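Asker: Each chain, letter by letter, is given below.
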Amino acid sequence: MKHLTLTTALVAAMALPAAAQDLRIALQSDADVLDPDQSRTFVGRIVYASLCDKLVDITPDLQIIPQLATEWTVAEDGMSIDMTVREGVVFHDGTTFDAAAVAANIERSQTLDESRRKSELSSIASVDVTGDYTLTLNLIAPDATVMAQLADRAGMMMSPTAAEAAGVDFGLNPVCSGPFSFGERVAQDKIVLNRFADYWNADAINFDSVTFLPIPDTTVRLANLQSGDIDMLERLAPTDLAQANADDSITVVSAVSLGYQGITFNVGNGEKSETPWGQDKRLRQAFSYAMDRDAINQVVFEGAYAPGNQPYPNVSPWYDDEFPIEARDVEKAKALLAEAGYPDGIDLTVQVPNTTIPLQLMQVVQSMAAEAGIRIEIVSKEFATLLADQSAGDYQASQIGWSGRVDPDGNIHQFVTTNGGINDSGFSNPDVDAALNAARKVPDTDARKVEYDKARAILIDEAPLVYLYHQSWITAFDSRIEGFTAYPDGMIRLEGVTLSE
Amino acid sequence: MLSFFLRRLLIAIPTIFLISIFVFGLQKLLPGDPLLVLAGEERDPAVLEFLREKYRLNDPIPVQYMTWAGNALRGDLGISLRTNQPVTELIAQKLPVTLQLAMMSLIFAVVIGVPAGILSAYRKGTMVDWVANVVALSGLSIPNFWLGIMLILLVSVKWQLLPASGYVPPGEDLWLSIKTMLMPAFVLGTALAATLMRHTRSAMLGVLTSDYVRTARAKGLSERKVVLKHAFRNALTPIVTMTALLFGELVAGAVLTEQIFTIPGFGKLVVDAVFNRDYAVVQGIVLVTAVGFIVMNLLADMAYVLLNPRLREA
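So the sequence lines, in the order shown, correspond to chains C and A. Each position in the first sequence, counted from 1, maps to that position plus 83 in the working numbering. Each position in the second sequence, counted from 1, maps to that position plus 4 in the working numbering.
If you are wondering where the hints come from, they were derived from the structure by calculation, not from laboratory data. Fair warning: there could be bad hints in the mix.
As the list claims (entries may be wrong) - One side only, chain C facing chain A, incomplete, derived with CB under 8 Å:
1) Val116
2) Arg199
3) Ser202
4) Asp252
5) Gly254
6) Glu267
7) Gln271
8) Asp272
9) Arg278
10) Asp281
11) Glu465
12) Phe466
13) Ile505
Said to hold, decoys possible - Derived pair list, reagent style BS3-like, types lysine-lysine, alpha-carbon separation capped at 25 Å:
14) C/Lys201 x C/Lys364
15) C/Lys464 x A/Lys233
16) C/Lys417 x C/Lys364
17) A/Lys128 x A/Lys233
18) C/Lys201 x A/Lys58
19) A/Lys223 x A/Lys128
20) A/Lys229 x A/Lys128
21) A/Lys183 x C/Lys273
Only a predicted model underlies this, so the values are computations on that prediction, with no experimental measurement involved. Ideal Cβ placement from N, Cα and C applies to all residues, glycine included.
Could you put the whole structure together from the sequences, leaning on the hints where they help?
Answerer: Put into structure tokens, the structure is as follows:
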């Protein structure tokens with residue numbers, strides 16, 4: 084009997100990591116609709132990281148690696164991509180994943196009326212299913228960004244059976260092929276995912292369920308982690324960093340994001356661009372020289388973020404080293420103002436979202452600019468209003484950011500090319516258009532970099548957007564969690580992550 | 005008597021109708037385009053146009069209202085622009101949460117506020133009165149979010165006695181559900197207790213100096229009986245009104261408290277909905293809240309009648 088108990092105990096001890104475990108993750112806000120084709124929020128993507136596998140994934144240094152697609156080759160002329168997909172994968176409803184499923188998914192992303200993915204996949208003309216597990220993506224024109232698009236929502240695979248049956252309501256009960264399947268959702272309360280036993284990489288998954296809890300208040304998020312009510316939280320506020328670091332039972336990791344924050348000037352979007360700020364680049368240069376980017380990072384973000392002067396952070400392979408972040412130069416800023424005809428200074432109106440961080444940022448920016456003679460008036464607006472005014476050109480300068488994309492194209496092309504979809508600045512320059520369009524087409528990374536650098540030289544001089552900093556994704560979790568890696572896309576990937584009891 | 009309530013009910017119908025028109029109009033007056041947020045960061049023009057058509061935002065505003073009202077009469081409150089969930093389902097999810105929070109808060113408010121009010125009126129001008137007033141004033145002045153965070157840090161992080169935040173349905177685990185809601189109910193309850201204490205005090209002060217109380221004392225009744233039975237019962241009417249109104253307010257949602265304690269109730273839902281211009285959700289909640297207020301007022305009226313026999317003849 085004693086032996087038996089001992090053996091049982093030993094077996095139990097060995098099996099311990101497999102004990103029923105729920106991982107509780109606090110999110111900053113509630114996700115929107117859980118349909119990868121309709122979804123638009125950052126927190127939604129965090130949920131998908133556990134729910135929906137993608138064709139390809141990224142490494143922390145932005146290399147594209149296989150996930151459901153195991154191999155791909157771009158044709159010589161860049162007009163097509165041959166792809167092989169993984170065998171032995173099933174969706175949560177038992178439907179088999181194959182090349183036909185990929186074709187159905189791409190078709191849905193391109194044709195569903197509600198789809199927000201259309202522009203991301205606009206270069207794919209058609210999909211040829213060439214075998215059970217092989218297919219060819221035919222492109223309208225060579226496009227170096229396609230694979231990076233497939234590393235995010237546009238590449239997430241939904242069960243074609245479920246998608247067909249549910250139509251636009253797919254998000255109420257999403258069926259994908261990720262490590263966890265959809266359990267239940269109570270709006271603003273929780274999203275529960277359960278372990279998917281037939282996951283192709285099930286051995287790497289060590290939790291029986293994951294519960295996502297939206298907890299908007301940053302202090303309360305941390306308090307929940309400290310009290311043990313949750314195991315992990317995303318986006319720790321820099322102001323809470325010291326407290327989290329001081330707590331031995333909490334581990335903090337961070338990665339500089341792919342996005343940026345800065346000031347967009349109206350240089351050609353309607354009547355409001357016809358001001359000295361919109362017409363004279365020297366003023367915008369002066370503004371940039373007046374900024375102490377390092378001090379902004381220290382004062383507003385406790386040094387936890389990364390100062391920036393380009394759309395990509397300086398750790399990115401796409402950063403142009405020719406134009407490093409310059410030290411603040413108030414004299415130069417004053418000289419530029421004088422040269423432009425404003426030796427006594429000039430007024431500038433900046434619109435800013437009416438939330439804490441942007442307001443704090445702008446107050447620091449305001450005092451720095453004042454020392455160079457730029458008198459900033461801050462107009463704070465609620466976000467939906469700010470966006471509408473910005474899009475309509477009803478602004479002089481706007482404090483707004485971008486969440487970031489894996490491919491550099493997504494962080495620059497649409498903002499500064501003449502017909503760019505979100506070129507709210509109204510910037511237009513044929514050389515920039517040519518360089519950025521060329522960078523889309525050449526498949527070779529080095530050749531692309533040359534084109535981006537060409538555009539950068541002009542953009543630094545013209546300064547339609549003055550970049551200030553890059554947010555970092557700061558993730559905090561219970562120190563008993565091991566194997567977690569922070570990624571520049573801010574996603575929480577649970578493969579290989581364990582929580583010891 | 006019955007006709008009185010029927011009349012009240014009939015008045016309620018145009019009231020709800022007017023409220024819904026008013027709120028609908030106000031929402032449309034808000035600047036900003038909800039679809040710019042909803043269409044995603046890229047703001048694809050084709051998507052924008054499609055969504056405008058789908059949610060009929062191109063229709064004239066009166067037509068939009070009529071469409072909404074027509075569906076609402078058939079019990080269809082539309083779907084959320086943000087999550088695609090039916091509004092009726094959202095309300096069904098949130099209403100029990102909000103009701104539970106409201107009830108627990110009200111218990112705190114009544115248990116603290118009413119006795120404190122009676123005591124401070126009875127001991128008017130003494131140290132007891134003074135202390136009760138200072139406490140009440142603090143209850144009113146301390147911001148909910150501050151008290152909430154302090155409680156979380158102390159009770160949950162330091163002492164680890166109660167869950168820091170969140171919500172557990174009572175059907176799932178009753179004890180845990182009550183434990184989770186204890187702190188938020190206390191935070192809300194203390195603020196309301198202050199209001200209730202002040203009202204109880206002034207009502208009691210009015211009654212305690214009246215002739216029948218003097219007579220009751222002259223009869224040789226115990227102080228306890230004089231205060232609780234003769235004085236308090238007559239002071240109850242304004243207290244009941246106040247309690248009913250407070251409950252109505254609680255049902256409308258306690259935004260800050262819900263935010264701090266991450267309680268998925270009405271307050272959080274409606275604030276998010278306003279910021280996202282999620283018209284259908286805002287309309288739906290306003291409708292439910294308005295009905296809630298009217299019902300509470302009716303209940304208060306009925307309570308008067310029970311408490312005050314003289315009204316029964318009227």
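Asker: Work down the list of hints and note, for each, if the structure agrees.
Answerer: Hints and how they fare:
no. : hint                : in the structure
1   : Val116              : 5 Å, holds
2   : Arg199              : 4 Å, holds
3   : Ser202              : 5 Å, holds
4   : Asp252              : 7 Å, holds
5   : Gly254              : 6 Å, holds
6   : Glu267              : 11 Å, violated
7   : Gln271              : 4 Å, holds
8   : Asp272              : 4 Å, holds
9   : Arg278              : 21 Å, violated
10  : Asp281              : 28 Å, violated
11  : Glu465              : 7 Å, holds
12  : Phe466              : 7 Å, holds
13  : Ile505              : 6 Å, holds
14  : C/Lys201 x C/Lys364 : 35 Å, violated
15  : C/Lys464 x A/Lys233 : 56 Å, violated
16  : C/Lys417 x C/Lys364 : 14 Å, holds
17  : A/Lys128 x A/Lys233 : 19 Å, holds
18  : C/Lys201 x A/Lys58  : 17 Å, holds
19  : A/Lys223 x A/Lys128 : 23 Å, holds
20  : A/Lys229 x A/Lys128 : 18 Å, holds
21  : A/Lys183 x C/Lys273 : 18 Å, holds
Checked against the numbered hints listed earlier, the structure breaks hints 6, 9, 10, 14 and 15; every other hint is satisfied.
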